[in-house]
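For chain A, the structure is supplied; the task is to place chain B on it using the hints.
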Amino acid sequence: MTATVYVPRDAAALSLGAEEVAHAIGIYAAARNLPLKLVRNGTRGMCWLEPLVEVETPSGRHAYGPVSAADVAGLFEAGFLRGAPHALHRGLTAEIPYFKSQQRLTFARVGVTDPTSLPDYLAHGGYRGLERALELAPAAIVQAITDSGLRGRGGAAFPTGIKWKTVLDQAVDQKYVTCNADEGDSGTFADRMLMEGDPFALIEGMTIAALAVGATQGFIYLRAEYPHAHRVLHQAIAAAYHEGYLGESVRGSGKRFDLGVRLGAGAYICGEETSMLESLEGRRGEVRVRPPLPAVKGLFGRPTIVNNVISLASVPIILERGAPFYRDYGSGKSRGTLPIQLAGNIRRGGLIERAFGLPLQELLYDYGGGSASGRPIRAVQVGGPLGAYIPASQFDVRIDYEALADIGALLGHGGIVVFDDTVDMARMARYAMEFCAIESCGKCTPCRIGSTRGVEIVERILGGVEPASNVALLEELCETMLHGSLCGLGGMTPFPVQSALKHFPEDFRRTRPQ
Amino acid sequence: MQELAPPQREAVRRVLERLKGAPGPLIEVLHGVQEALGFIPAGAVPLIAQELNLSRAEVHGVITFYHHFRHAPAGTHTVQVCRAEACQSMGAEALLAHARVRLGIDVHETTPDGRFSLEPVYCLGNCACSPALMIDGELYGRVTANRFDALIAAQEPKR
Chain A
1 MTATVYVPRD AAALSLGAEE VAHAIGIYAA ARNLPLKLVR NGTRGMCWLE PLVEVETPSG
61 RHAYGPVSAA DVAGLFEAGF LRGAPHALHR GLTAEIPYFK SQQRLTFARV GVTDPTSLPD
121 YLAHGGYRGL ERALELAPAA IVQAITDSGL RGRGGAAFPT GIKWKTVLDQ AVDQKYVTCN
181 ADEGDSGTFA DRMLMEGDPF ALIEGMTIAA LAVGATQGFI YLRAEYPHAH RVLHQAIAAA
241 YHEGYLGESV RGSGKRFDLG VRLGAGAYIC GEETSMLESL EGRRGEVRVR PPLPAVKGLF
301 GRPTIVNNVI SLASVPIILE RGAPFYRDYG SGKSRGTLPI QLAGNIRRGG LIERAFGLPL
361 QELLYDYGGG SASGRPIRAV QVGGPLGAYI PASQFDVRID YEALADIGAL LGHGGIVVFD
421 DTVDMARMAR YAMEFCAIES CGKCTPCRIG STRGVEIVER ILGGVEPASN VALLEELCET
481 MLHGSLCGLG GMTPFPVQSA LKHFPEDFRR TRPQ
Chain B
1 MQELAPPQRE AVRRVLERLK GAPGPLIEVL HGVQEALGFI PAGAVPLIAQ ELNLSRAEVH
61 GVITFYHHFR HAPAGTHTVQ VCRAEACQSM GAEALLAHAR VRLGIDVHET TPDGRFSLEP
121 VYCLGNCACS PALMIDGELY GRVTANRFDA LIAAQEPKR
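Protein chains in written order, with the working numbering: chain A, 1 to 514; chain B, 1 to 159.
Heads up, some of the hints might be wrong.
Just some of the chain A residues that point at chain B, by a computed CB distance under 10 Å [unchecked claim]: (1) G45; (2) E243; (3) G264; (4) A265; (5) C270; (6) L299; (7) V417.
Which residues of chain B face chain A? A partial, calculated answer using Cβ under 10 Å [said to hold, decoys possible]: (8) A22; (9) P23; (10) V29; (11) E51; (12) L52; (13) L54; (14) Y66; (15) F69; (16) P73; (17) A86; (18) V121; (19) Y122; (20) C123; (21) L124; (22) M134; (23) L139.
Derived DSSO-like pairs: lysine-lysine, alpha-carbon spacing no greater than 30 Å straight-line [as the list claims (entries may be wrong)]: (24) A/K333 <-> A/K165; (25) A/K297 <-> A/K443; (26) B/K20 <-> A/K297; (27) A/K443 <-> B/K20; (28) A/K255 <-> A/K165; (29) A/K100 <-> A/K333; (30) A/K100 <-> A/K37; (31) A/K333 <-> A/K297; (32) B/K20 <-> A/K255.
Hints were generated in silico from the structure; no laboratory data involved. Quick reminder that beta carbons are idealized off the backbone N, C-alpha and C, glycines included.
The following block holds chain A by itself, in its conformation from the complex (with noise of 0.2 Å):
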């Protein structure tokens, strides 16, 4: 019997040595002609067990990791293809707590299939809401996105239904829908999973976006630091087209929808959406005075459609299962699921997908087990370069829009990045002001200029130079950013800042050696 073997292909599990791995198996089952089928699965988003090899068995799925290709003899040797015991198997990977406890929804076939196949897509449910969303009508697809709950997962939270519904109400010609994958928060890599993982569900995500406002293009605006999810995307879009899902009648309805990729060039900013559309038509990305909003006057003067990776992802369960489905998980105003990403120094860290409403010290230490180092967390910064650092008295935060708000933070992405101890919150706050000056487009002032003063101004507290003084106007500087800035790039750069001067001060009065 052919057994089957799935190594993940996802960038992160590659940059653990994947593709070696994957290639010692092929070499030895061939010099002993063991039947083997290998599949380049994504990734289940146990970042920590990176490479995960799993086995396919009459009892489920066995999983071995961390598998480097030194393992692999010893795999064979063992048995892992009847998912024997070895050193390295972690049992079933339905059964792995970290894993079994999740609500996957929108991420429900990444690591599971074959990210480039059709035919594994449809077998795992794949296309489903495209089939409902053909039988309704495009007033009805924008309700039962309305009706969700969904709120843009890109970080603004807004009601992904009114934007959808702004763009349908606008009786023009030409519409677009552009997928803003421009993940550039530290911390996230939700977007970068779901492209390489079920690249199909964004397609389908953005198709079924197309027939409910009118729109014939789609461009998804892609990060050139991805290399991976854009071979991905193109033999998926490709794939797409071939089966008739994409091009002048999508599935024999009629209606055309047209999807291309255009990647950026490395520039944080192009994520603000303005500046992508600014970008997508070539242009330099600076940022766009609203209103006209990008749903009435976007892409080249046209109603446009902009929504995050995410938001478009969960597109496709929302209509096959109905609104009421998805709006079920989580509480208040954040409905739905939410791929958290737990990263930087954290024992387990990667992708997790559950209900609103976690708290973020069961995140940390339940699922993440604490620092990578082993010394204590000291803080989080939840939301990107652009999100406030939290302490750990404020660990007991769930993680949902209105709670982190009421704590003066934000949920962003969904990224959350550890600290240990070691960290030196003034240097975080200096990074913060030099990040914004590296990456601001330098169309309004308080962002080009005020960002530089700051990484100065808090240079001069590091060297101990009136550090009272200099505090008090960096205190300033940042209410001038905040008000005075166009987009959240300038407006939220303080928001970090001054959630380091206010729950750890002492980083800012102590001296450091020369």
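For chain B alone, coordinates are given in the frame of chain A:
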């Protein structure tokens, strides 16, 4: 400004021919030119501007806005070390300092033998396996100083 050598001119023309009909094609064109030539020579700017009906200033403005576009050839291998927060929490600053010493150059520089260029990068999306770096588009995670040295040693010598 230096004139483009005929093969370079031809390469730029081919890229323009292929992409100039697309909507808002400038960034696509610049990617194409950089892919073909390894960088965007100053002499390519007037050619691109003319074909796309843009001013030279507009083309120059776009090239200089984006960190990805290069004005000069890179080394045989481009090493991008992540400096973002998640990698910092796992010692990225020390790794970058080690990289500078090991390669003998600062960031945005190329080794005198032309083998390596060192670039900072702000997130490679490998934040659960920090610190991360990328060499010629290949991603590496949990990179220690020793692993860095091994990775550099494993790159093929310059032909």
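Which of the stated hints cannot be reconciled with the structure, identified by number in ascending sequence? Failing hints, ascending: 2, 11, 16.
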